[in-house]
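Heads up: the sequence lines are chains R and X, in that order.
Numbering-wise, my numbering puts 258 at position 258 of the first sequence, and it's gapless, one number per residue.
Numbering-wise, my numbering puts 345 at position 29 of the second sequence, and it's gapless, one number per residue.
Treat the hints as calculated values from the structure; they're not laboratory data.
Glycine residues also receive a C-beta, built at the ideal position from the N, C-alpha and C atoms.
Worth double-checking, as some hints may not be accurate.
To be verified - If you want the ones that stay clear, here's a sample from chain R, every Cβ over 10 Å from chain X, calculated: (1) D87; (2) G182; (3) G193.
What the hints assert, rightly or not - To give an idea of the chain R side of the interface with chain X (calculated C-beta under 7 Å), a few residues: (4) L49; (5) C83; (6) A107.
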Amino acid sequence: MIATEGLSKRFPRVTALDRLSLDIGAGVTGLVGANGAGKSTMIKILLGLSPATEGRAAVLGLDVSTSGAEIRERVGYMPEHDCLPPDVSATEFVVHMARMSGLPPTAARERTADTLRHVGLYEERYRPIGGYSTGMKQRVKLAQALVHDPQLVLLDEPTNGLDPVGRDEMLGLIRRVHTDFGISVLVTSHLLGELERTCDHVVVIDGGRLLRSSSTSDFTQMTTTLAVEVTDSDEHPDGTGALRDALAAAGVTLLESSEPGLPGAGHVLLVEARGEDVHDTVRDTVAQLGLGLVRMEQRRHHIAEVFRQEKEEVSA
Amino acid sequence: MSTPSGTVPPPGGPANPGGVGPGVPAAGATQIHNIGYRKYDGPRLGRSYAMRSLYTQSLRGAFGLGRSAKSKVLPMILFAVMCLPAALVVAVAVVTHAKNLGVGYTRYAILLQAVIGLFLAAQAPQSVSRDLRFRTVPLYFSRPIERRDYVLAKFGAMSSALFVLTVAPVVILYIGALLAKMDFGDQTKGFGQGLVSVAVLSLLFGGIGLVLAAFTPRRGFGVAAVIATLVISYGAVSTLQAIIWAGEPSSAITWIGLFSPITLIDGLQTAFLGAHSAFPGGVGPGAGAGVVYLLVIAGLVAGSYGVLMRRYRKVGL
Chain R
1 MIATEGLSKR FPRVTALDRL SLDIGAGVTG LVGANGAGKS TMIKILLGLS PATEGRAAVL
61 GLDVSTSGAE IRERVGYMPE HDCLPPDVSA TEFVVHMARM SGLPPTAARE RTADTLRHVG
121 LYEERYRPIG GYSTGMKQRV KLAQALVHDP QLVLLDEPTN GLDPVGRDEM LGLIRRVHTD
181 FGISVLVTSH LLGELERTCD HVVVIDGGRL LRSSSTSDFT QMTTTLAVEV TDSDEHPDGT
241 GALRDALAAA GVTLLESSEP GLPGAGHVLL VEARGEDVHD TVRDTVAQLG LGLVRMEQRR
301 HHIAEVFRQE KEEVSA
Chain X
317 MSTPSGTVPP PGGPANPGGV GPGVPAAGAT QIHNIGYRKY DGPRLGRSYA MRSLYTQSLR
377 GAFGLGRSAK SKVLPMILFA VMCLPAALVV AVAVVTHAKN LGVGYTRYAI LLQAVIGLFL
437 AAQAPQSVSR DLRFRTVPLY FSRPIERRDY VLAKFGAMSS ALFVLTVAPV VILYIGALLA
497 KMDFGDQTKG FGQGLVSVAV LSLLFGGIGL VLAAFTPRRG FGVAAVIATL VISYGAVSTL
557 QAIIWAGEPS SAITWIGLFS PITLIDGLQT AFLGAHSAFP GGVGPGAGAG VVYLLVIAGL
617 VAGSYGVLMR RYRKVGL
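Could you build the full structure based on these sequences and the hints that come with them?
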């Protein structure tokens, strides 16, 4: 789908991309990096809108420097920022964008109705976009990227500004873009946790350089970490804290949460399970404290842990 | 565009808000399940079609077509105001069996320049400022069209809209003149000169209006900038001309006319299109000075295009 070779982009004062060589196949690929890591620059180059300083890039087998228009006809793009005029309806806007992609008028209308339904916009699609919620606007942005049935869509931070539920819905939708619609996806995010659920493959870039590129399953092999979540009780208003102390006393190794910032992370204890008996110890300890055991599950590694580890290796 | 949701198989609907699960129609024992995603195998008409689509959409938009009812009000009123005097002139000519129309074909747009100015001030920002303000421009550039196509489509649409506005009364005058059985040859020649005049005017005004609007993402500023430019330049030029005329009439009157869009058109058509100048004393440029007028107009039109191209270089994505 996408291949780059020694791709560099230098601006007078910064190097946005530094000799990046990638080979991205079909499926859902996550492009991960902190803000300013070069993700948006990469998308601009892939759309043939910004020439690379050196190196080559090809999308769908077409060279970005010579076949920009052909690429853009077959590729969809959802920008990170707001891009919707508030005074037209979603239907009118998406029909117009479909025609801008080269679809004849009738096909543009039919595909718009289909696509808006697929992204989950129904009766509201006839109302002006100005009155939509952020989640609905994101769906319209996604719809305009899909309306011409591209072979590949480039989604720039599609979950930005969404609440946790909206985020989950959007990620589910992105997954379906590939599984149900057969369209390959390149999705950027600065949140690693999001992408491990959605992507088949993750590319991590930092400072314009490739940090790591591998399949999501490689990143998140099964580990012997147990995630434990308990309820609070009258006796132990902070059930999690009480359990943590009790487990530590019982000689069980507790791990740092990988995503301390995420909502709910404070209520999940990560326990290193060296043997089967650890499960029993956790169960008995919870029972002794009189707490309700909400869940106890084996955890996969989060991409974030790998990312942190890679960064340490690089900086070392 | 406003196809009711019930015509084609309507899976989904308000009963199915979460996603694209099976849609269940209210009536009938047969369940229609989601038809799923359909691939598009039809034609993709490419870059020139996309550019034409943008041109059509922008041209229609200038008259409020395909937009809300509210946005049709102003352009339609201005269009009516533009045509009404022509209809009156025609009516008078027909009733009085006049040998000539009261107003020349080339003179009409000059007389109603305020209406043209208002139309431009309202519609140029509508055409380009919205795309900039709501950051829709990057979406356009993620489609097959190039920057040049976008600028040409917008420029073409704005000029075409002005042409429609200015040519309509000229056509009314011409039809009226023929109905009043005026001399066919004379009238057709005048009509042709009028067409050329309003075509040049449309290009010049369209370019100036878009450049001003493209630098002001806020629509209100765009409106103000266009009106101010047209009014101030014309006001200054005509005042200076009047002062010189009252003192020592000289060729300076002609050269000062180069500094406002409407006097440029006036000068051009006086020199080449048989028009009577609206300059004080009716002294417009002769053929020599007329060439300078033509060059300045061509330069402004080309310059507007160049400035717009530069403007959109930075906006892509």
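So, going through the hints one by one against the coordinates:
{"no.": "1", "hint": "D87", "result": "violated (6 Å)"}
{"no.": "2", "hint": "G182", "result": "violated (7 Å)"}
{"no.": "3", "hint": "G193", "result": "holds (22 Å)"}
{"no.": "4", "hint": "L49", "result": "holds (5 Å)"}
{"no.": "5", "hint": "C83", "result": "holds (5 Å)"}
{"no.": "6", "hint": "A107", "result": "holds (5 Å)"}
This entry does not satisfy hints 1 and 2, going by the numbered hints stated previously.
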